[in-house]
Amino acid sequence: MDGDAALLLLSDSRLPAGGHAHSGGVEEAVRLGEVTGTGDLARFLRGRLATAGLVTAALAAAACELAAADRELGAGLDPGAPPENGAADGVPLWRRLDAEADARTASPAQREAARTQGRLLLRTARRMWPSAALDTLARAVPEGPHHPVALGAVAASAGCTPRQAALAAAYTSVTGPATAAVRLLGLDPVTVHRLLADLAPALGDTARAACASLDDAVPADGEPDECRAEEHPGRQPGRHAAWRARWRALPGHSAPALDLLAEGHLTNPMKLFVS
Amino acid sequence: MTAVTARALIRTEAASGGRTRLETLRSDPPLTLRQTGPRRVHLVSTGAGPLRGDRLELGVDVAPGTSLEVRSVGATLVLPGLADTPSVMVVRARVGAGATLHFSPEPTVLAAGCAHRLVVRLSLAEDATVFWREEIVFGRHGERPGRGHARFDVTVAGRPLLRQDLLVGEEAVDGSPAVYGDARCVGSTLIAGPAWAPPAVPDVKRERRAVLGDGWAALPLAGPGVQVCALGSDAVQLRERLRRGEQAAAIAPPPPGPAATRASAIPAPAPPATPAPAPPATSAPAPPGTSALVPPATPGAASARASRARAPGARSAGDSRAETGRLGP
Numbered sequence: 001m002d003g004d005a006a007l008l009l010l011s012d013s014r015l016p017a018g019g020h021a022h023s024g025g026v027e028e029a030v031r032l033g034e035v036t037g038t039g040d041l042a043r044f045l046r047g048r049l050a051t052a053g054l055v056t057a058a059l060a061a062a063a064c065e066l067a068a069a070d071r072e073l074g075a076g077l078d079p080g081a082p083p084e085n086g087a088a089d090g091v092p093l094w095r096r097l098d099a100e101a102d103a104r105t106a107s108p109a110q111r112e113a114a115r116t117q118g119r120l121l122l123r124t125a126r127r128m129w130p131s132a133a134l135d136t137l138a139r140a141v142p143e144g145p146h147h148p149v150a151l152g153a154v155a156a157s158a159g160c161t162p163r164q165a166a167l168a169a170a171y172t173s174v175t176g177p178a179t180a181a182v183r184l185l186g187l188d189p190v191t192v193h194r195l196l197a198d199l200a201p202a203l204g205d206t207a208r209a210a211c212a213s214l215d216d217a218v219p220a221d222g223e224p225d226e227c228r229a230e231e232h233p234g235r236q237p238g239r240h241a242a243w244r245a246r247w248r249a250l251p252g253h254s255a256p257a258l259d260l261l262a263e264g265h266l267t268n269p270m271k272l273f274v275s
Numbered sequence: 001m002t003a004v005t006a007r008a009l010i011r012t013e014a015a016s017g018g019r020t021r022l023e024t025l026r027s028d029p030p031l032t033l034r035q036t037g038p039r040r041v042h043l044v045s046t047g048a049g050p051l052r053g054d055r056l057e058l059g060v061d062v063a064p065g066t067s068l069e070v071r072s073v074g075a076t077l078v079l080p081g082l083a084d085t086p087s088v089m090v091v092r093a094r095v096g097a098g099a100t101l102h103f104s105p106e107p108t109v110l111a112a113g114c115a116h117r118l119v120v121r122l123s124l125a126e127d128a129t130v131f132w133r134e135e136i137v138f139g140r141h142g143e144r145p146g147r148g149h150a151r152f153d154v155t156v157a158g159r160p161l162l163r164q165d166l167l168v169g170e171e172a173v174d175g176s177p178a179v180y181g182d183a184r185c186v187g188s189t190l191i192a193g194p195a196w197a198p199p200a201v202p203d204v205k206r207e208r209r210a211v212l213g214d215g216w217a218a219l220p221l222a223g224p225g226v227q228v229c230a231l232g233s234d235a236v237q238l239r240e241r242l243r244r245g246e247q248a249a250a251i252a253p254p255p256p257g258p259a260a261t262r263a264s265a266i267p268a269p270a271p272p273a274t275p276a277p278a279p280p281a282t283s284a285p286a287p288p289g290t291s292a293l294v295p296p297a298t299p300g301a302a303s304a305r306a307s308r309a310r311a312p313g314a315r316s317a318g319d320s321r322a323e324t325g326r327l328g329p
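The listed protein sequences derive, respectively, from chains A and B.
Going by full-length UniProt numbering, the first sequence opens with residue 1, and the numbers climb by one from there.
Going by full-length UniProt numbering, the second sequence opens with residue 1, and the numbers climb by one from there.
To be clear, the hints were calculated from the coordinates, so they are not data collected in a lab.
Incorrect hints may appear among the rest.
[Claimed, not checked] Residues on chain B that point at chain A, a partial pick, calculated with CB under 7 Å: (1) R163; (2) E207; (3) R208.
In this text, all values refer to a predicted model and were calculated from it rather than measured experimentally.
Glycine included, every Cβ here is placed at the ideal spot set by N, Cα and C.
Work out the full structure, taking the sequences as your base and the hints as a guide.
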């Protein structure tokens, strides 16, 4: 399948994967008066893209890369078939990548929102683009992988490149909050879409930076690299170590205000959005 | 003015009777170390800066079964310099099995024109315990901050616990209500160790609940730790907010099991001047072991603890928030 067309399907808000239910912190920011109009919203979106957007783009690119490798290893496996060599080998790696997403998400409210969206996306995509990699991911993280991890795996299954996966992640990190703000503040939709158009170059830059960060992979810098036998019994520990090294230095740009907003949102009894 | 490279090292060893001995205390000016207690070391900056071009490294090695406290005498003022390259401060800390490290230097102030990189690599053994506080102040009073990039990597037995970057003085994040709002400083405290491990059988749909205050939150991590994050309008307010979060986080979670089930059934303490929060829409009532954190030591907290003992089967632990937050100063 052509990656470009798949990218459009994947990032379309009409994709039935529940993305419309999340405001990415905007609803709480509006409630607190932190975002009152398009000026605040523009700064909110730019800051969100530079932090959460970059992190999710990098995780999505990493997941896309892993899923593509998983696909090669699992070639010949029918989706839904019992796990064999390649697919079984993927489970600890998917868990590790999901743990890297956990380590970059200090807020439990945000982890919960990310897993809810990841689970829904994976469920939808396993019917749209069935693949062994998606089956492996679902088995590896049955409670639902982080959304960018799911997004990257789905992108690979749909024929996208890691850069396209990163772009989709960066895009959804700002479009959801922008349209939420239109609904919450009654802003002019065209004005808000103008903000998104202004962000277009930054979206491309974010996706490029996300992919470049995969090549910043550094060997453990004073970090002991665990090689627990139960994680890969008798299987290619060197390959696992190489993947882990690739993910260690991925960006973890945090946004303390988003953390506080996400936790505050849970206390709002009148909320329209899940997060 | 030439750039400085310095490497200082603190290393403990276990002495007889379960005591800690400072095995190595190697200063390298401007990183000067002074022992100020049996298990305590103060960093004394003997020189201005760091300035652009400087590269300072501090190694901290806490041997198994020992404990160490590292503090600093004053704030670190990061200044511009002649060099084009940023100043770099690298802290590598290893905390061995059963060891404890308390690391709480005074804030790092990013003076106008500086370019600073702070790298912290903290690797913990499975049952090590750590308290690690970082505070960053955006410029001296009334000045625009220089640029700063702090990276914090924490692993437990090689598994990632926390990986964070904080960028300061970049156009995209400055003044963004999503990042720092109108705060002038940011801080975090990591409290980690086996006592803060999540329940053994994770049910991620039911994350442990955070405790939220005014400009701070104590965030239970997916791994064995809690991170307090705070924003403030000045260093005094930031410290006060971090302390409140640390108090909320420092109380170890109850052990899983029937006792925890009761403990999680906390009625909502009457939050000061805010409506009772609803249970989160995304999760069902709290399972055993979710009340890892208790309300902070506010006037209402004592009564919240008292009522816990006699109120089984009430509301979810998600309601145990003592305050609802307002962002920023």
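- Message: Hint compliance check: list the failing hint numbers for this structure, sorted ascending.
- Response: Structure breaks no hint.
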